[in-house]
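**Student:** Residue strings, one per chain:
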Amino acid sequence: DQQVKQNSPSLSVQEGRISILNCDYTNSMFDYFLWYKKYPAEGPTFLISISSIKDKNEDGRFTVFLNKSAKHLSLHIVPSQPGDSAVYFCAASLKTSYDKVIFGPGTSLSVIP
Amino acid sequence: KAGVTQTPRYLIKTRGQQVTLSCSPISGHRSVSWYQQTPGQGLQFLFEYFSETQRNKGNFPGRFSGRQFSNSRSEMNVSTLELGDSALYLCASSLARDRGELPYGYTFGSGTRLTVV
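Those protein sequences? They're chains A and B, same order as listed. Take the first sequence: its position 66, counting from 1, is numbered 66 in my numbering, and each next residue is one higher. Take the second sequence: its position 28, counting from 1, is numbered 28 in my numbering, and each next residue is one higher.
Hints should not be assumed to be uniformly reliable.
As the list claims (entries may be wrong) - Covered, in the sense of this in silico footprint (three residues per stretch, anywhere, with C-beta under 8 Å from a C-beta of chain A), are these stretches of chain B:
id, segment
1, 24–36
2, 45–59
3, 66–73
What the hints contain is simulated information worked out from the structure, not anything from laboratory work. Backbone N, C-alpha and C fix where the C-beta goes; we use that ideal spot for every residue, glycine too.
Looking at chain B on its own, in the form it has when it is part of the complex (with noise of 0.2 Å):
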């Protein structure tokens, strides 16, 4: 069974510029989030969809934006790139369904290292 693939594995972009990372989930889940790591930051949560709907958000700014596609692909956008935006970011999927039922727990892809210069 194939895991979370994210790609690319490493980016290195310019301050100003804008970027987009893809995630493609374990088959059959169909909730995707997104989470940034920093060292001493832990996690940080950017935002969970599910069925193409973004249900939950966390606390950054709306240079950070995401999408899912129908086949639960999901892409996460950042422009007008900071410094302070280098980071692992790292996708995850879980086979949660409907809001309430209990998380399996993620999987998580290895990430995209993103480095601004």
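Isolated chain A (complex conformation) (with noise of 0.2 Å):
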């Protein structure tokens, strides 16, 4: 049973547009989400994280959402760049095990130039 959904295994996007990834978790005992980046034949890279005490993080171009309540998270990409396009994976673990991350399956992000 997957904990951590992302329902669009694909999104395509405009060069300049907003790129919005989203990501649905159905443990309410997550406390730390994560997003990666992955290019392919390397390995995911950290993109940028949030605590379930905040709503919103940004960094740079980057801006992640919580809710709550909802049980969703969002990544935004503000303005989206070729070099965008990549498979982003959001994670989640729990207060009690940090170091265990579960993963979503991936949205894939096409930036079109």
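Since each chain sits alone in its own frame, please combine them into the complex, following the hints.
**Tutor:** Listed below in structure tokens is the structure:
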């Protein structure tokens, strides 16, 4: 049973526009959420994270929003660039075991020049 | 600063064989985790080691095992290989020290691509 879901396997966005990647989770005990980006033939790289005590975290062009009541988070990329084309993984961990990070299946983002 | 190093990069094995994959974490990182990536399944958590002890384990059969050495290097072993074990195996290390400390975010290696024929 997938505890972290990314229901859109793929997303295409025009360069310069906003990319919104969505993630839902089922376990209300998740306390910490992370986003990773993965290029082909490389390991995932950490992008941004958010603690459950916050509802927004921003880092440059990347912003993550958390809606705990809806068990939903989203990653906004503004403006989108062709180099952002990659697979994005949403991930979550429990307060009792931050070391065990559960990943979603990923969303493949294509930014069209 | 060297990244996470996984060896070998590619491996082809026959059903029934066993395989050992190696991971050298970033210097100073004591937590090492292993993930299996398959199309459509994303990254599935295998296990996590800290100071030579397995702290967390995913839902994989006992054929999948691992260990961590005193220098934090880790190995994972898969015995009696099945066709379904074909996947990209990723190792990740982090600065996380004691349980309860927020993860700084994993640093992943490039993975070992295992093909079982």
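**Student:** Are the hints correct? Go through all of them and say.
**Tutor:** Status of each hint after checking the structure:
| no. | hint | result |
| --- | --- | --- |
| 1 | 24–36 | holds (count 3) |
| 2 | 45–59 | holds (count 6) |
| 3 | 66–73 | violated (count 0) |
Hint violations for this structure: number 3 only, all remaining hints satisfied.
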